[in-house]
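Chain by chain, the residues:
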Amino acid sequence: MKILKSIIVLFILIFFIGCSEEEEKTSGDLQIGFTHKWDEIIFRPHTDIDNYYPAYNIDSLRITKLRYHISNIVLITEDGTEVFLKDYVLVSPLNSDAISSNNPPVDPLVPWLIEHSFNIPNVPFNDYRSLSFTFGFNETDNINGAYSNLNTSSLSWYWPEELGGGYHFLQLEGEYSNNSEESNFEYNMGKAKVSEGVFEPNSFNVHIYNPYFSFPHTSEISRTILIEMNLAEWFRDPTPWDLNIYNQNLMDNYDAQTIMNQNGRNVFSMSVTGIIDIN
Amino acid sequence: MRVWLKIVVIGCLFSSCSENEIMIPNTYQPTPLPLEIPPLFAERILDPVIPFNNPQTVEGVALGRKLFYDPILSGDGSQSCADCHSPENAFTDSDRFSVGIDGNVGNRNSMPIFNQAWNYDENFFWDGRSFGLEGQAIEPVKNPIEMHNTWVVAMANLQNHADYPELFFQAFGTSTIDSVLVTKAIAQFERTLISGNSRFDKHLLGTLTLTTQELNGFDIFMDETKGDCFHCHGNVNNPLWTDNIFHNNGLDAIITDVGLGAVTGNPADNGKFKSPSLRNLQFTAPYMHDGRFETLDEVINHYSEGLQNSPTIDPLMKAVGTGGVHITESEKVDLKAFLLSLSDAEFINNPDFQNPN
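One line per chain: the protein sequences are C and P, in this order. Throughout the first sequence, residue numbering follows the working numbering, covering 36 to 314 in sequence. Throughout the second sequence, residue numbering follows the working numbering, covering 3 to 359 in sequence.
Worth flagging that the hints you see were computed from the coordinates, not collected in a lab. Quick caveat, the model's predicted, so the values are computed rather than measured. Beta carbons are placed, not taken as given, at the ideal position from N, Cα and C, and that holds for glycine. Watch out, some of these pointers could steer you wrong.
From the structure, some residues in chain P lie toward chain C, with a derived Cβ separation under 8 Å [what the hints assert, rightly or not]:
no.: 1; residue: Ile47
no.: 2; residue: Val51
no.: 3; residue: Phe54
no.: 4; residue: Asp123
no.: 5; residue: Met157
no.: 6; residue: Met224
no.: 7; residue: Glu226
no.: 8; residue: Thr227
no.: 9; residue: His233
no.: 10; residue: Asn237
no.: 11; residue: Asn239
no.: 12; residue: Asn240
no.: 13; residue: Lys320
no.: 14; residue: Gly323
no.: 15; residue: Glu333
no.: 16; residue: Lys334
As a list, the in silico DSS-like pairs of lysine-lysine whose alpha-carbon atoms are at most 25 Å apart [said to hold, decoys possible]:
no.: 17; chain 1: C; residue 1: Lys100; chain 2: C; residue 2: Lys72
no.: 18; chain 1: C; residue 1: Lys228; chain 2: P; residue 2: Lys228
no.: 19; chain 1: P; residue 1: Lys144; chain 2: P; residue 2: Lys68
no.: 20; chain 1: P; residue 1: Lys68; chain 2: P; residue 2: Lys204
no.: 21; chain 1: P; residue 1: Lys68; chain 2: P; residue 2: Lys228
no.: 22; chain 1: P; residue 1: Lys228; chain 2: C; residue 2: Lys100
Just need the whole structure built from these sequences, with the hints factored in.
Quick look at the structure:
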């Protein structure tokens, strides 16, 4: 009988210890998702591959390849404390593998339009005010061949040494139509070659302010940050992109790389799904 | 109560043991055989894909090699895998279309086989219709224009063979032969077919100096305004020399063989075929998914001035309106010299890959 009592006491202790751990939880899973649109039109990979979008000085364009990577992703609190989330992530929404790995979405509150997402465990609970990352790699991190998963064959992410080396930051490719004549374009971004042997890093920092992002949440549903790219901005602001001039062979074109850098600073915005605490 | 407690405790002990006890002890274990990974691969790209349920073993690879060269899998016992995938051709053949046991031909060129363990997406065939090397090996046996057999017959022939049941036991711990084990063995052998010792590899390793012509050719290969081959066919950090994905490379204005499009059902994929590796081009003619080009010169001419526009043509195809970028004759010669520097004679002559039968 004493043994039975001991077992019961043991179970009760385990039960209470389990409860107290949950009460003391100070961190949780955070999902980072990426979504893409052309102004108000949601860009749906695969099904929208034949969609044509209006752009400067041409009839229209369609996108057949979109890949990019961001690095040094951090959350920032109101007092400026930075919480490191991830060293880098490659977003490839038109890649069927990437889609299948996120389909269906793991989070029921994540809209279906997320094309690529990843999970960050153990993110400290706090009131965050902004998200920051580098588009591409900064000069220190953009090391030729250093990341074996970016060397992966299917990416073709290598940036030629003659152009400064390292990796592509963006591959945005497709077709444009002007005066009913169709041509291809390759909007490939990486290091900018100023002159022979002289290069500029060409990455840029993105800082997205969101005043209503509080983490923790009050339920077990994980929270998702949606990073949204407006593809139209690559072709618009501050410099209207003329596909009649800049369409192919742009990796070695300093002017084109500079415009990409400037226009790219306006492409990102952010929203948060899950239970949002409005302070 | 004490009696009941004892029963419960003893019961728990037995139930925890029973998981181990009901398992049939597998005393036989084949000998592990790690892949011999070339230094550039180990240094620069991700590890090869080896299914957890089909580890490489000495016995499995030996069995796969024997099966690969044995015509026993074909309907009339006349054709082996090696008939269309011979080592002297870097495991393809020299025909535009391979001939099956009934004298029939298809409409695709036989693909070379090497470095397949690094096909990370695991989509095989020109149109990517099979997943995994094991899955790929299922089809040729039953394809009516290839080996034209059934797996039931093939398995029975192997089961009744004097040697195979014992060889399967050595490889997999069972002498009961089925198609899964056959394809596992063949896949194990195919994963050992690794080519990583070309002149260009030696150049990267610092043990050989390339000719000026070869180096010029590499520059053209990497130059976005000239060859721009590297966006699909690798670079110094991707020593596979392929992206293993699917492109419409401007072969036809009117697409009759839709390739990947027939697999995905997506019209946007029509006319797309897998980029082959540029390794071993010296041995793998003819070229393209339909073997239409007999020489490398024809291939280079195609990309330089022979491109045909079509709705799904890859944006990487330059200056399609004028047929291509029109590199000079001298640049073509240099580019060809570089391409041939990716050939690996040691690979095709490796005694471990030859017919053991």
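To see whether the hints hold, each was checked on the structure:
no. : hint                : result
1   : Ile47               : holds (5 Å)
2   : Val51               : violated (11 Å)
3   : Phe54               : violated (18 Å)
4   : Asp123              : holds (6 Å)
5   : Met157              : violated (33 Å)
6   : Met224              : holds (5 Å)
7   : Glu226              : holds (5 Å)
8   : Thr227              : holds (5 Å)
9   : His233              : holds (5 Å)
10  : Asn237              : holds (4 Å)
11  : Asn239              : holds (4 Å)
12  : Asn240              : holds (5 Å)
13  : Lys320              : holds (6 Å)
14  : Gly323              : holds (7 Å)
15  : Glu333              : violated (15 Å)
16  : Lys334              : violated (19 Å)
17  : Lys100/C x Lys72/C  : holds (14 Å)
18  : Lys228/C x Lys228/P : holds (17 Å)
19  : Lys144/P x Lys68/P  : holds (19 Å)
20  : Lys68/P x Lys204/P  : violated (31 Å)
21  : Lys68/P x Lys228/P  : violated (45 Å)
22  : Lys228/P x Lys100/C : holds (21 Å)
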